[in-house]
Each structure stands twice: as C-alpha cells, then as structure tokens.
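Novice: Hey, can you work out the whole structure from these sequences and the hints?
With mature numbering (1 follows the signal peptide of the UniProt record, and there is no 0) applied, the sequence shown corresponds to residues -18 to -1, 1 to 989, in that order.
Note that these hints are calculated values from the structure, not bench results. Among these hints, one or two may not hold up.
[Unchecked claim] Derived lysine-lysine pairs resembling DSS-like cross-links, with alpha carbons at most 27 Å apart:
1. LYS589 x LYS573
2. LYS829 x LYS952
3. LYS863 x LYS952
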Amino acid sequence: MKLSNLFLAALAAGSCHATNIIPRGGRPSSIINNAQKRELLQDIVTFDEHSLFINGERVTMFSAEIHPFRLPVPSLYLDLFHKVKAMGFNMVSFYVDWALLEGKPGEFRSEGSLDLQPFIDAAQEAGVYLLARPGPYINAEVSGGGFPGWLQRVKGFLRTNATDYLTSTDNYVAKVGAIIAKAQITNGGPVILYQPENEYSAAEGTPFPNHDYLEYVNNQVRKAGIVVPLINNDAWQGGTGAPGTGPGAVDIYGHDGYPVGFDCTNPYKWPKDGLPTTWHAEHLDKSPNTPYSIIEFQGGAFDPPGGTGFDKCYELTNHEFARVFYKNNLAAGVTIFNIYMTWGGTNWGNLGHSDGYTSYDYGAAIKEDRTITREKYSEIKLQGQFLAVSPNYAVATASNFTTTKYTSNNKIAVTALTTKNDDAFYVVRHADYRTTSSASYMLKVKTSAGQLTIPQLGGSLSLHGRDSKIHVVDYPVGKYKVLYSTAEVFTWKDLGDKTVLVLYGGPNELHEVAIKTDSKLKVIEGNEVKTERRRGASVFQFKTSSKRSVVQIGSLHIYLLDRNSAYNYWVPTIPEKGDRAAFGSSVMNPKAVIFNGAHLIRSIDIKGSKLSVQADFNTTSPLEIIGAPKGTSRLVINGKGTPYKKSKIGNWLVNPAVELPAVKITDLKSLDWKYVDSLPEVKKDYDDAKWPDADLKKTYNSKWPLNNSVSLYGGDYGFHSGALLFRGHFTAGGSESKFKVWTFGGLSYGSSVWLDDKFLGSVVGSGRGNNDTSTYSLPKMQKGKKYVLTIIVDNMGLNGNWVPGLEEGKQPRGIIDWSLESSSGKETKISKWKMTGNLGGEDYIDKFRGPRNEGGFFFERQGYHLPSPPLSNFKPGSPFKGISNPGVAFYTANLKLNLPSDKFDIPLSFEFKNNTASAGSYRALLYVNGFQYGRYVSHVGPQSVFPVPEGVFNYRGDNWIGLGLWALDKGANVEGLSLNAGVPVQTGREPVEYVKGPKYTHRRGAY
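Specialist: If you want it as structure tokens, here you go:
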C-alpha cells in the first residue's frame, strides 16, 4: 500500500546511494507528453484525457478500498457493498492476497473462507463496479506484502525479470486472472479496471524501470483473459509505467498519496507542506492523455505495535481531513479516485505483517466491526453523492489555486474548475490549510449573467476551522440552472412532476443561491428567506439551522439544510430490469429516491405499486421519503407493510417501530474451561522423532547466507506463519556456561528458551525490536550427558518487498545464529536440530481456513483450536487462573449464543483487561470456531479489543473459544477477558450465514 516514511525521506533527500533509484518527478516528461493512447481490447470501458466511459457514458469513478480476505464471512460482503454504495461510491478497489491462495507452489485454492467469487457476486448484486488489484505483490500491510513465504527460496530478485521469480508467479496470475476475467464487464460482470503491478516506483541494485519485467507482467494478465484497461499506482507522480514510456506501459496512469503520513501519536498536527497543490500540473506533465487517477489516497493510517491505536489514526484522518484533502483532490480534477481504506477489516489468521497487529481498522470511514458511526462516513457520503449528480465535473479543467483572483480575503485559497460551457466549480479552503481559525470572504465568479461578487444581498461567506467548500456556478439541475450556490450540493433528482435539489452548509453559516428562472420563489416549509431578483435570476439567502427550510421555484423544490441534518439523507438507486438491475439507469445521476432518516438505507425496489425498502434503524425516529416514484402507493420496509402519511409538501412520512434488544452475553469466567499443556516439548520424556530435521547445510535464501552449520530459517522448511519451535540436541562437555542465540521474528516478537525442562529466559518483545541476540546462563552440565535446548520464536509476519532489489521480503524468521560455550570460549557443537511450525508446513491441513491460520504450537499442530476438540485429552483449568511457570497452555470452552441476528446487527468484541505486573508478561492467541482472531501481547499493545464478526461466531448455537497462553518470564494468567456487545442496529440486511469450517478430527501424523 505505501512506502515507509524513512525510505520516502531518503528518496526526497537524494540520499539513496543507488543510481537507479528514481526520485519523485525524475522521469523525463518529454517521453510521456508525446504518448499516444493505444487501441483497447474492448469497447465497453474506454477513456479520454478527462475520464472513463462505460457503455458510452462519461463517468467519474469514486472508489472505496475493501479487501475480501480480511473478512472470512462471504455473506457479509453485501453488507459492506451496501454501505459504500450508500456513501456515493460507484466502485470498489480490492487486493487479493496471493499468500492465502497459493500456500504451496503450484496449488492454487480459491475456496472455503478465501473464495473470491462471493465478493464478486456481492458487487454485482449491489451494483458496484470493481477495480481488481490482485498483485502478485500488493504490500497492503500483509505478511510478505502478499508474497507467499516460499518465495524466500527463489534465488532471483523478486519483482524483476529474474526467470525463477517470473515462473513462480505464472500459476497464480493465470488462475486468479481467469477468475477476474470471467467477472469483467465484457462478460456481464462488475470488473472494469485491472492493476497488474503495485507501487512499482523505485529499485536498488537492479535496473529500473525494468521494461522487460513490466511487459511480462502485462502479457501475463492479457493471456489470462483480461481485456479491460490496465491501470497502475505509482507511489508518487514519477511517471513510471505511464503510456508512452516504453514496453510494459499501462493504459491509464495513476498514483498514490498519503499526505499527512502515519504519525497517529500527534493526530491534530498536519504537516506544513502536506496539502498537494501541484498534482494537476504533474498529471499533465506525466500522462496528459489519460484521466487523472489517484488509485490510493489516504483514508486512514496504519499503526505499529506499541502504537496509540486506531482511534487516534481516525482523528488524524477524520471528517475534517476528508473535507480539506478530498476536495483538494477534486480541485486537481481527479476522475478516478480511490480511498484506501474505506473499510480495513481484520488481520485474522496471521495474515498481517510484523509492523502491525490483528486489527486493520485503519481509522477508516467504516470501523473494523462494520459500524458506520464515524463522522467521516457521513462526510464522504456528502461528497460522493455530489459527484454522482455532477457529470460535468468530469470535463472541468482544473487551474492553479489563487488567494487573490476570486476572493476578497488573501487568507482564502480558491481553485476554479471550468468547462467549455458556463458551469464551473470553485473549491475554497484556507490558504494555510492547517489553521483552525475562521475567515470571512466574498467570492468573485464569472457566470452566464456576467461577473458577480457574492453574496449579492449583503453579508459575507465564512470558512470555519479545517473546512473546504465547493461552490457551483451555472450548475444544471434538470431543466433548471443554478446560476450559483454558495451552499454545497448534496444531490438533486428529477422526480416526475417536480425536481428536488438538496443543499447544505456548515453550522451558523450564511449562504446565497441564485436560480435562473422567471418563476417566483415561495417558502413551502420552514423559515422565511431573504430574496430579490437580480440579473434575471431569483436570488435568496438563508442561514443554516437544524430546522430545515424548503423553497419552491416553479417545479423546483430546494431543501436547505445544515450539514448535520444532511448526514441523515440517503439516495438509493432505483433498480432497472435484468442481470445488471442494481447498477440503475446510469452511472451518473441514476434514477433514485431521496430519503431523510434511518441509520442506513441499503437498497430499494419497485414492483407495481409497491416501494420496498431495505434499511437499518438505531433509534425510533421519523423516516421521510421525498419523491416516491410515480405509481407507487404501498410501502414495505424490511419485508413488512408499513403505513405512511403525506406531509403538506407531498412527502411520505412514517415512524418505523424500533425496539432494540438489551443484549446479555455470558460472563466468560463462568464457562467450563478446559486446559492442555501446550509445551510438552520441555518434558524429559518428550520424543521429537516425528519432527522435521533442520539439516540444510545451505540456505535457499539468496539474501541471508548462513552464519552457522545448518539453516534454522522457517522459510527454508516451509514454515511461514505463527510460532516456530526448535529442538537442539547436544552432548555436554561439562564446562558449558552460556547459550547465545540470535533470533528474528519481526516487530514485537518474543522468544523463550529451555534447557530440558529448565527455563533459561525470554525475549519478551517490544514495539521496536524485530530481532535479538540474547545470552542465557546455563546450569552446571554433566559431562557426556545428552541435553536438549527448546526454543520458541514467534513469527509476527514476513516483511514486504516494496523496493525491488532490497529483497526485504526474504528477511528470515527463526534462528540466525547460535553458540554453546564454556567460560573459556570453548564451543560445544549442537549435533542435531529439529524444527516445526504449522503441521505440514506448505502441505497445511486446514484447506478451508487457509495456509496461515495456524502456527507451530502443540495445540495448533493437534488441531485442538478447532470446534469440538477432544476434551478427554484436556483437564479442568481456566485462563483466568493461568499457569504458575513460564510455558504455553491452551484453554478451550464452549459458548452458547442465542442472539436475534435475524433482525439485529449486533457487533461482538473480546476485550482483554489491561494487564498488571502481577499477571506476568504473556502473549495470547484467540481462536473462535477454529479461526485465529486475535494476537494479544499484554505488555506491548496497543490492541486489547478484538472484534469478531457474526459468521465466524455462530450467533444461534455453539461456539468454541480457544485461548493459547504463552507465559514469558514467569507464570501468567489472563486477569480479565470479556465478550462485549456493541450497540445493536435493527437491520434489513440479508441473513448472515455461519461459516461452518471443519471441526476437530484426529490429525494423522500430528506430533
């Protein structure tokens, strides 16, 4: 998804020593300016220098980033698509995680909880287009950046034209490409764009840009059947891969942007020069013949282990950020605009990289638990719905911002976007975008009625704090034209006998609107407005208020709202007929109905006289339907016939009955917990004969040569996720006094060491360390006696491979070096090493939950974390009492739920109590019905709350909860663990299906 801040800084400063790293803007523009658009392979999705066309319709694509692999509940995909479509998004961009689909070379599996097809089907059902970004490399803060761990054994540079690397990608690209090709719009599906590489923007120690590599990548996807336009996402506007740059160029050039960075510890401190003001000019320089495309723009921020948590990341990129930065992008003329992330999800099953943790909430508009209570959700909805009804924006030409040409106050910056017709968009912000102060201004605009300074009727406009506005001029609304409006447009619709325009402004603002018409204005609801005739237009002023006003001019009804009231409005699309019904009558300004009220309007349908509504409610409050379609007279809400009344202005009014349940969840301490020792390896009679031998005298890892006699790298033996366990056998010489070991596990990892059954010590881990060299004192050794060292190393995820040539993705997990020495320096040889990770390694057992869900602990190898484990192998024992010595314990309990999920969406989350020193430092693995849904590090954090969705939970039946407890420095217990219900929402969503993965069965060969 992004480049590390450190590397970006190095590039910007020119400090990287490699001559083939291309700094920002370093590509000769002449190569690109002469580029010609090449022939496309189909005629459904086309483009010019302004925008895409879909079936001949010019469109602005507003896109939300969602990753299906971060939610293993296919029946919830439609819920997410409903929520983003309600925000005004008409496209979703999605990554695919190669590491989850080809855990073993040559074996591609898109099935079980990792099946791609339900996600594609949900997009089709919701009427949302897709931008497919399947990698192979995706970054995305996932382990390996999406690369499967077995790529660590590839000798050639990754993401280059090294033959062994390219060959390793062939099977994946062919198989995932075929799935996506089948879903292209040319086959009636929702996929309209495809990205074949990801942030290929720099390299070190290898040629860059590697045109042979890029050409191979493009040819791969074309051979797989991809015919829609190819698009890229340069990490910055360097021009790499733009049309005309040589072999491997894409059809449409795009780039990324994360302007406020990722320092969530200071969420209200925006960087001095963070607001981009040259992006439009850069676009014209780099790719003038393609639509201006931002493929990833900051929708939140990631947070490292030991960080401040995603609530702070939300504050950094909150609704104010969305107003200022997203409208600034519109000022630059972007017409393919994707927000990364819009819903982040969960790094369940070890899928994350080590620089993060289980939550991938990201501070996005939709929270990890899929709730939509963040104000950013509503703010983006205002902008998205505006774009949806403003088709002329797509052909508007951007200009440089100015503080003098259009405004009376030089503390106000204005960017004008104009068309060849009269309509224009004026984007207004503070000249110092970071300010939290207020400023008043007059706006000077060119209109079809001449040059005007507005407001004309007295007073001034205002900009309060971190805010930005889009003022429209000569804006068409059906048969009417808005000469200008300082209030912002939310939506407008032709509704048969009338046209409805919804305008809004911030709190306590004065606004002025002029409509070109001879008709008189009258107020049909609310407070009176100040009005005059000026230059052939009806001009009126109003002050924003929580009490709305509605004015009528001819058949135009104008709703005047404050911004908080506008948050409650929805514009669901009226479906058409046929397989693509949900996409509506058009992409831009489709036929729709306007609603006021409800927590969420998901969708509507019309059959004869019946208007059916799918909606969510979180409180009893009125619902208003503005412009019920002609011929409808019956109302059905969530399957129930609902009576309504008509208001004085003809709208339907209804008060849906909302009765939210009081949800009570069983106290987890009261469950019948069972316990099994999960570190039998330290017992004196333990036999590791069935373990894999760790005897490779050479590593396959081309980046990390061996430091000792054999490889103890997990990747060399096919172990890529979760805990790694090692057993080192030796015969004592009698003088050994210390054991020194260098371990590598990634940020916040931990490790522990035993000599036979004696605990030697641990690396408890921190948010900063990814490796450690530790020296452990040994007890008096008996000469000639055989001993065994048992070592646990927690693999927190593999590094990404962002910069080709650096080979960061090959950084090993496991043991790098070791020595067993006497006080005189004499070394004793460890004669035999055994190691294990998940049972079977790349021949993993649980094909349903995928290759990364399990690690190497005893309980995982046995499958005890799965539903219905063999309790006869367990003893009574509770995690709240824990264990008295360092070690690993596994606890399981059955939890019965009976929640009314047919009517209510009830979010559930586990919460660990903040640990005190008396409980000991520990690491915990949380399993729910076999899915690993939490990695908790008690002394690092910051995550202590772990949402688990319905579908992973069985809301109406049995659930098996598993908890692996690793005590690091002494005994440990879980001081507090609760399962909490969030605020229920009465919902109209489709029923959620329980993801019924395989239960426990005896695993043949498990050790």
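Novice: All the hints need checking, so say for each whether the structure fits it.
Specialist: Comparing the hints with the structure gives:
At most 27 Å may separate the alpha-carbon atoms for a hinted pair to count; LYS589 and LYS573 meet this at roughly 15 Å. Of the supplied pair hints, the one linking LYS829 and LYS952 is violated, its CA atoms being roughly 36 Å apart against a limit of 27 Å. Restraint check for LYS863 and LYS952: the C-alpha separation of about 14 Å stays at or below 27 Å, so the hint holds.
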